[in-house]
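Enquirer: Top to bottom, those sequences are chains A, B, C and D. With the numbering used here, letter number 41 in the first sequence gets 45, and the count goes up by one each step, no holes. With the numbering used here, letter number 107 in the second sequence gets 162, and the count goes up by one each step, no holes. With the numbering used here, letter number 127 in the third sequence gets 160, and the count goes up by one each step, no holes. With the numbering used here, letter number 116 in the fourth sequence gets 117, and the count goes up by one each step, no holes.
The hints are simulated quantities; they were obtained by calculation from the structure and are not laboratory data. Don't take each hint at face value.
Distance condition first, Cα-Cα at most 27 Å in a straight line; then the derived DSSO-like pairs of lysine-lysine [claimed, not checked]:
hint : chain 1 : residue 1 : chain 2 : residue 2
1    : B       : Lys164    : B       : Lys219
2    : D       : Lys422    : C       : Lys73
3    : D       : Lys423    : D       : Lys526
4    : C       : Lys139    : C       : Lys213
5    : D       : Lys526    : A       : Lys69
6    : D       : Lys21     : D       : Lys493
7    : D       : Lys189    : A       : Lys76
8    : C       : Lys85     : C       : Lys139
9    : A       : Lys18     : B       : Lys136
10   : B       : Lys137    : A       : Lys18
11   : D       : Lys69     : D       : Lys285
12   : D       : Lys537    : D       : Lys343
13   : D       : Lys189    : C       : Lys73
14   : C       : Lys85     : D       : Lys6
15   : D       : Lys69     : C       : Lys73
16   : D       : Lys493    : C       : Lys85
17   : D       : Lys21     : C       : Lys73
18   : D       : Lys69     : C       : Lys213
Beyond 10 Å from chain D on every Cβ pair, some chain B residues (computed) [said to hold, decoys possible]:
hint : residue
19   : Arg103
20   : Lys136
21   : Lys164
22   : His167
23   : Val192
24   : Met227
Quick list of simulated restraints, FRET-style, between CB atoms [said to hold, decoys possible]:
hint : chain 1 : residue 1 : chain 2 : residue 2 : range
25   : C       : Asn156    : D       : Pro63     : 31 to 39 Å
26   : C       : Asp35     : A       : Ala87     : 22 to 30 Å
27   : C       : Pro116    : B       : Ala163    : 20 to 28 Å
28   : D       : Lys422    : C       : Gly193    : 37 to 45 Å
Idealized CB from N, CA, C, for every residue including glycine.
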Amino acid sequence: MSKDSSIQHMMSYKQLALVLISLLILTGVTVGVSYVHMGIFNVPIALGIACFKVSLVLLFFMHLKYESIAIKVSFLSTVGFLAIMISFTFWDVAYR
Amino acid sequence: MNKPIDFIGIRLGMWLFLYSEIILFGGMFVLYAAYFHAYPTDFVEGGRQLNRVIGAINTIILLLSSFTVAASITAIRLGSKKLSLSLIGFSFICGIVFLINKYFEWGAKFHHDIYPNSETLINGPPGQNIFFGLYYVITGLHGLHVIIGMTLLAISFVLVASNKIHAERFAMLENSGLYWHLVDLIWIFVFPLFYLVL
Amino acid sequence: MDPVLGVDRAFWYIFGVSLILLIGITAVMIYFVVRYRRSKNPVPSDIRGDWKLELIWSIIPTFIALSMFWIGWSSYTGLRNVPDDAIEVEVLGQMFSWIFIYDNDKETENELVVPVNTPVKLNIESLDVIHSFFIPAFRVKVDAVKGLPTYLTFTPKEEGEFDIFCAEYCGTDHSYMTAKLRVVPNEEYEEWLEEEE
Amino acid sequence: MSDVKSFFDTPAPAHLTGIKAWLLTHDHKRLAIMYLWAVMFWFTVAIILGLLIRIELMSIGPTIMGAKLYNSAFTLHGVIMIFLFIIPAIPAIFGNFILPIQLGADDVFFPRLNLLSWYLYMLGGLLAIVSLFTGGGFPDTGWTFYVPFSVTTNHSVPLTLTAAFILGMSSMLTGLNFITTVHRMRVKEMGWMQIPLFTWSLYATGWVQLLATPVISITLLLVIFERAFGIGLFDPDKGGDPVLYQHLFWMYSHPVVYVMILPGMGIISEVIPTFSRKAIFGYKAIVWSSMGIAVAGSLVWAHHMYTSGISDTAVFIFSLLTYLVAIPTAIKVFSWVATLYKASIEMTPPLLYALIFIYLFTVGGLTGLVIGAAGTNIHVHDTQFIVAHFHFTMFGGAGFAFFAGLHFWWPKMFGVMYNIKKAYIAATLITVGFMFHYVPMFVLGMMGMPRRYFDYLPQFAQGNALAGIGGIIMVIGLLLMLYNLVMSLREKVVAPENPWGGVTLEWSVPSPPPVHNFVTAPSVKDYPYDFSEVLKKAAQS
Numbered sequence: 005m006s007k008d009s010s011i012q013h014m015m016s017y018k019q020l021a022l023v024l025i026s027l028l029i030l031t032g033v034t035v036g037v038s039y040v041h042m043g044i045f046n047v048p049i050a051l052g053i054a055c056f057k058v059s060l061v062l063l064f065f066m067h068l069k070y071e072s073i074a075i076k077v078s079f080l081s082t083v084g085f086l087a088i089m090i091s092f093t094f095w096d097v098a099y100r
Numbered sequence: 056m057n058k059p060i061d062f063i064g065i066r067l068g069m070w071l072f073l074y075s076e077i078i079l080f081g082g083m084f085v086l087y088a089a090y091f092h093a094y095p096t097d098f099v100e101g102g103r104q105l106n107r108v109i110g111a112i113n114t115i116i117l118l119l120s121s122f123t124v125a126a127s128i129t130a131i132r133l134g135s136k137k138l139s140l141s142l143i144g145f146s147f148i149c150g151i152v153f154l155i156n157k158y159f160e161w162g163a164k165f166h167h168d169i170y171p172n173s174e175t176l177i178n179g180p181p182g183q184n185i186f187f188g189l190y191y192v193i194t195g196l197h198g199l200h201v202i203i204g205m206t207l208l209a210i211s212f213v214l215v216a217s218n219k220i221h222a223e224r225f226a227m228l229e230n231s232g233l234y235w236h237l238v239d240l241i242w243i244f245v246f247p248l249f250y251l252v253l
Numbered sequence: 034m035d036p037v038l039g040v041d042r043a044f045w046y047i048f049g050v051s052l053i054l055l056i057g058i059t060a061v062m063i064y065f066v067v068r069y070r071r072s073k074n075p076v077p078s079d080i081r082g083d084w085k086l087e088l089i090w091s092i093i094p095t096f097i098a099l100s101m102f103w104i105g106w107s108s109y110t111g112l113r114n115v116p117d118d119a120i121e122v123e124v125l126g127q128m129f130s131w132i133f134i135y136d137n138d139k140e141t142e143n144e145l146v147v148p149v150n151t152p153v154k155l156n157i158e159s160l161d162v163i164h165s166f167f168i169p170a171f172r173v174k175v176d177a178v179k180g181l182p183t184y185l186t187f188t189p190k191e192e193g194e195f196d197i198f199c200a201e202y203c204g205t206d207h208s209y210m211t212a213k214l215r216v217v218p219n220e221e222y223e224e225w226l227e228e229e230e
Numbered sequence: 002m003s004d005v006k007s008f009f010d011t012p013a014p015a016h017l018t019g020i021k022a023w024l025l026t027h028d029h030k031r032l033a034i035m036y037l038w039a040v041m042f043w044f045t046v047a048i049i050l051g052l053l054i055r056i057e058l059m060s061i062g063p064t065i066m067g068a069k070l071y072n073s074a075f076t077l078h079g080v081i082m083i084f085l086f087i088i089p090a091i092p093a094i095f096g097n098f099i100l101p102i103q104l105g106a107d108d109v110f111f112p113r114l115n116l117l118s119w120y121l122y123m124l125g126g127l128l129a130i131v132s133l134f135t136g137g138g139f140p141d142t143g144w145t146f147y148v149p150f151s152v153t154t155n156h157s158v159p160l161t162l163t164a165a166f167i168l169g170m171s172s173m174l175t176g177l178n179f180i181t182t183v184h185r186m187r188v189k190e191m192g193w194m195q196i197p198l199f200t201w202s203l204y205a206t207g208w209v210q211l212l213a214t215p216v217i218s219i220t221l222l223l224v225i226f227e228r229a230f231g232i233g234l235f236d237p238d239k240g241g242d243p244v245l246y247q248h249l250f251w252m253y254s255h256p257v258v259y260v261m262i263l264p265g266m267g268i269i270s271e272v273i274p275t276f277s278r279k280a281i282f283g284y285k286a287i288v289w290s291s292m293g294i295a296v297a298g299s300l301v302w303a304h305h306m307y308t309s310g311i312s313d314t315a316v317f318i319f320s321l322l323t324y325l326v327a328i329p330t331a332i333k334v335f336s337w338v339a340t341l342y343k344a345s346i347e348m349t350p351p352l353l354y355a356l357i358f359i360y361l362f363t364v365g366g367l368t369g370l371v372i373g374a375a376g377t378n379i380h381v382h383d384t385q386f387i388v389a390h391f392h393f394t395m396f397g398g399a400g401f402a403f404f405a406g407l408h409f410w411w412p413k414m415f416g417v418m419y420n421i422k423k424a425y426i427a428a429t430l431i432t433v434g435f436m437f438h439y440v441p442m443f444v445l446g447m448m449g450m451p452r453r454y455f456d457y458l459p460q461f462a463q464g465n466a467l468a469g470i471g472g473i474i475m476v477i478g479l480l481l482m483l484y485n486l487v488m489s490l491r492e493k494v495v496a497p498e499n500p501w502g503g504v505t506l507e508w509s510v511p512s513p514p515p516v517h518n519f520v521t522a523p524s525v526k527d528y529p530y531d532f533s534e535v536l537k538k539a540a541q542s
């Protein structure tokens, strides 16, 4: 098997720390926002922030950014399948 | 045959396994979405009864431990075994603290007669029962994953200490790390969905 | 159009097309196997594909499939549309019998009586596990689920006795959870409805 | 034959001896053989259960058992056939044995995980047996475990659920192993479009196993929790929605239909070109249709639920999507038939099974169109029609493909040839019995006889009697087939390295293969079904 360069990639302490700080800030934001009542918009905002946090963890803590295309594509397919599971169920429950 | 170890393949295998874990929790999120649609007000009411502060503290604990696990990989690759060991150890302790928090949180709820099949839930509004049912199942399964993750970290700790994991060969630590991050990922969604609904 | 007729038409259409396809595929396959057997044709031709042919046999089935979908869907809407003048009967499924409750609170077990040429709407729910209310003669079936009331509708065109089955497995005596549907003349129905048990 | 020691004589890891050389082996071929015996055991058990069910139905009223026993019998028949036979059969036996060799590898990527999968499989089977004799009696829910019945019945359900959970895990890990193997273990020269079609189909299957199985895991867990703690997530009295259970259940159980059939299609795609001595027609179309089936198959689960009270919108969308799955399947069937055109066909047992597969599977697929359409589905849903339909696809399809694979790779796996004549007789008996067994069920279903019925009204008597007779003929055929294969191990008629003139890599290694599969480095052709060398050899002799 060919030696892939991605295995050599390494996150520096500084990069990791930056990611951690952003994550903590985002946690603060999401808790703060939850005290503000915006009616229907609360859910998408909370989930949007969660998605952003998750992306940070995935890309940097879990190295997804530096992984091979196979892992990236398959990860997106998994998320796609999850989205189908949730959204297609709504064809039923939302129109019942 | 003496072939070089294929680290990429091992990582690919681990990622595939993580996908299955994501879908496992995905099944729960399908239920959450459908029931949230059916009982929005009860879910908001239920969310108010959970302690945001404990939830936020647990989030921070998991984020911190995720960072230390990621840093421990960097440390082992730079050759500082001691630092790596203490970082893994710290992550493990974070896991314990998380579980203790969870224990008190569940305990408080039990104390208020809120647990599966309790009088309060059965006689209360159905949406409330569903909300707490999902809460117990999801956080319970998540707690189980925390324990599995801690086991993996503990094994990695021993392997690092005995020099089985070193700068050239750290797939086991990397995979334990990936698993630990997954536990974190799920919590990042659980936190707003249960503690911060609306 | 009569919903039963609509469903039957869909059946005939799909069965007809399927039969043609099945006979075609099988005949061609058997012909090839006999015609190109090794003793007759020792040297095969190296054919690896033909994108034009492949395109054709992807597109034509797509249209056939869509036409089947459409005829199936339109017959389904026929089954689901309730005529305005339908009489309503409540139906409750339980282990292991069907209970029918009429407007005037008359209750029967395992016997549904309806007047001929009048649309009927049955409101169906279950008292315990899932059952399924099935009248083969009218091509209707719907699950009885506790907490999820549903309905089905049919219009009997002739008098007679028809079978009602439970089609969703519900326990030991599942196969004995049958009932009778009696379609009677209008006057007889009115008389029966007022009758005391 | 070459003087290479076969894997039967070489333990892996090398220091193991005796029974340990089997129970602790990492060798994919030994594991395949171990799966083979376990799967065959369960297959026989389930056949006998199926036969008992049909004999019971041959006359009205209790014939040989009561309603309770009957309900347990069909539950067990379903659970065993699905979780212990047809899901693992092709991937775990032929996948394990053939996939690494077709890729030019010496084993799967995670050999120890492979062993773990086998133990999980055995544990699941063991739990299934234990569940019979503990708790409130044989499980009686049907293999679908629909709530609320599965939560309320006092029979031994949780243990059966745990067994299914563990078996799911085993199948998922096998899928994971295969995907990684295909990605990382191919010989260097083999590009994606040089992978043999059997391996391609297993790759597509692997994804379905990996992504769909966790859904059933969580669903079964939830039912176990329901029974243990009374949470009420599916209990209408406590605010739950039983139909959501069905969504989750079919989210797995529909895709898993493709776990059963895709590997079978892979076998057919190997068998037909081999005995035609001709390239498969439309290699790429078959590859893409495999992936297309895997994807589209994950979008259509609610077509099992048209009558369950789901919204009409959902019926519309899921019915439409269902028809999309029909197209890649049709492409495959057309390609197989087209492969026979201007071929040089040699009739053999595997080819006979493959041809019967095409016929039976086409019937199964076409009757699937009746069930996919919304209006017609309502009438035949949950009737004998459905039973006949899925036996045509699962047994006539996946089952016959499995038999084709058995007869195709048996000489490779054991190095012995079975009795060809007996194999033909068995195939004929099975097919004749099959038609008499299942065709009456189509008619019964159209007449309105529901499935899972212990007893029935007089108008259904004739069809059921006929189906019973067909079933008996079929079982005789099946037993003859198994007997013939097992006897070949005793009679030891040695099979050559390449008895059929196959061109994929497994035919270039000795039969049975040595422990590291390849004596000389495998050579990969530009096109996996290039028969020019086989033809040259045939012309010389």
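Enquirer: Give me the numbers of the hints this structure contradicts, sorted from smallest to largest.
Expert: Result: hints 1, 3, 5, 8, 11, 13, 14, 15, 16, 17, 23, 26, 27 and 28 break, sorted rising.
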